[in-house]
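Start from the sequences, fold in the hints, and give me the full structure.
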Amino acid sequence: MSERESKGVLYEVDGLKVQFKLKRPSMFAPAPVVHAVDGVSFQIKRGRTLGLVGESGCGKSTSGLALLGLVPVTEGGLKFDGVDLRAVSEADKFPYRRRMQIIFQDPYSSLNPRLTAGDVVMEPLEIHKVGSSAERRERVAELFELVGLRQNQMALFPHQFSGGQRQRICIARALALNPEFIVCDEPVSALDVAIQAQILNLLCRLQDELGLTYLFISHDLAVVHHVCDEVAVMYLGVIVERASRTQLFDNPRHPYTRALLSAILDDVPDSVSQRIRLSGDIPNPIERPPGCRFHTRCAYAQDVCKQREPELVEKAPGHFEACHFETAAPS
Amino acid sequence: MTATETQGDKVLEVENLTVDFDVRGKSVNILAGLDFALESGETLGIIGESGCGKSMTALALLRMVPSPPGKISAGRVLLNGENLLGLSAGQMNNIRGRSISMIFQEPMTSLNPVFTVGNQIAETIRKHKNVSRSEAMVQAVELLDTVQIQAPERRVNEYPHQLSGGMRQRVMIAMSLACDPKVLIADEPTTALDVTVQAQIFDLLKAIQERSGTSIILITHDFGAVTEMADRVLVMYAGHKVEDGTLADIRNDPRHPYTQGLLRSMPRITSGAAGFREPLPEIPGSVPDLSQRQPGCPFGPRCAHAMPKCHEMPPSIALGQGRSVKCWLAETEGAA
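As given, the protein sequences belong to chains D and F, one line each in that order. Each residue of the first sequence is one higher than the one before, starting from 1 at the first, in my numbering. Each residue of the second sequence is one higher than the one before, starting from 1 at the first, in my numbering.
If you are wondering where the hints come from, they were derived from the structure by calculation, not from laboratory data. One or more of the hints may lead you astray.
[Unchecked claim] Keeping only pairs whose Cα atoms sit at most 20 Å apart, straight-line, the calculated SDA-like set for lysine to any residue is: (1) D:K23 to F:I95; (2) F:K206 to F:H161; (3) D:K23 to F:Q162; (4) D:K306 to D:G318; (5) F:K127 to F:I95; (6) F:K206 to D:I276; (7) D:K21 to D:G69; (8) F:K206 to D:R277; (9) F:K206 to D:I264; (10) D:K17 to D:Q105; (11) D:K17 to D:A29; (12) D:K45 to D:V83; (13) D:K7 to D:G318; (14) D:K45 to D:I276; (15) D:K45 to F:E142; (16) D:K17 to D:L78; (17) F:K129 to F:A89; (18) D:K79 to D:E12; (19) F:K206 to D:S279; (20) D:K315 to D:S41; (21) D:K45 to D:G318.
Spelled out as structure tokens, the structure:
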């Protein structure tokens, strides 16, 4: 089950950089630049799920938004289904937008409180002028059933729903245009555990039924472990490790990945003794540390780490790591 | 992991704690007769979904239930044998921050943005101890050092916005430790923090507990946090204590169908391909609306084992060794 069959690559990202200019501190000083995403490359295979993991401020959400064209890309290639999206003009992008959608983290703030649930799901169909109004209504009813909501809930407003139900509305809205690719930006982080299970089950079922491709952004490794075929771990705008689910969780290589894994508070008492504890916080993405970005918090850091930035290289078949050393004990 | 060896004297005893809210003239029962005890040096984890009354329990212990509309309508909270619910407002002010202190969920919003962190810690110290301003500042620096903030002499003069989320939570902890409280209530102390920082905060709390023997009540929705910290666990649902016991009991042998459902619905990290994308067992439905309580077991409508008897409220059935379950199933032997 872990190595599911795939039919080629749907989205290819090559050296993606997203930078935001901040306000000048004074008239003559240069504007500080936030390197939110700083050279990220990965491929997402059709019908599969790539997990993007990291702590807040590591650039995982910005990467997701950049893939959908929701933030301006500074540099790098974005190839969706063989088409270079950066070469497509803004006006010609419209047909691509209906093929990719997003589910946001907070179902409380991502629904318009003045629209009924039915109108929320109807809106993308109207924007893209799909079908007649009778056909649209039929489609909305179909979507409600697909995500496990009742038809008579179409006339209700978002505040009349629970968190889990609201997330179902968001999923229905994302599915309205029959997209191929969906960015799930922390889709279950705002939900209670019992509800989280319902939404994860729904996302998996929809992927199987509709052949969807997901970019699954999360800080929760247990959730990523449950749904993702491949996982990329981000730290301060770069990918430090990328591998298949089994490789990453059974044989993590990068010190940061191992720290993340040992920080999740699961009941593995025997691992407590070998826990890696990181000191300090993530450095500021405006003043990134030189060399390896992780060296300020890394237990294995040497002089070379302060000077030269390691590249993401294939250290084992299909297992990429950005580190100068072999820090993981061979297993 | 700590404190299981400490003597079994009870620091805090809560009996039949009941909180009602007045919602548009209608009385809504938020906490329904909660009983528990906290032993010296132990950590009690209170776990449940949002709206189950976890935070209200914390507020009720400190008599901070917003009133009106809320009121503590019955029960006793005994701190070393003294009933806090019978104290005057002035006496209660001496308890808060000195004998019982609290760490709130959002370090961003619970610090005052216009005072330096040193000022805010010194304020707590000067409220409870008769020391000069400069002496209080010296103690504030020491406290910042205790909570492992680098360069405490500099940080003490900084404002909350200059600190990261993890450091703000450390400041909150420093403030709550200012008077060596006997009981520390931590209400979702790490929910707003990143996982690696979360682990640091738990390590810190454990170190403090080991050194000073403080009892901790950890309120959380995250079972992982409970496994990390707690000696005993109390599971809440819709204002009721549905189950309590030692961490090992709850984790390995949950008796209440709600606890069982909660534990099963969490994705687990296992090695190999096991469990990948397999449907997680769900608890159907959602938390009941407390303003429309039905008679009988609050979990009944969502319970797979519900039987006709569940239309009556089950009693809290003691199973020995400090374990209790509020479920009719526990009455008959061979309960699942």
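Indices of hints not satisfied (ascending): 1, 2, 4, 10, 11, 14 and 15
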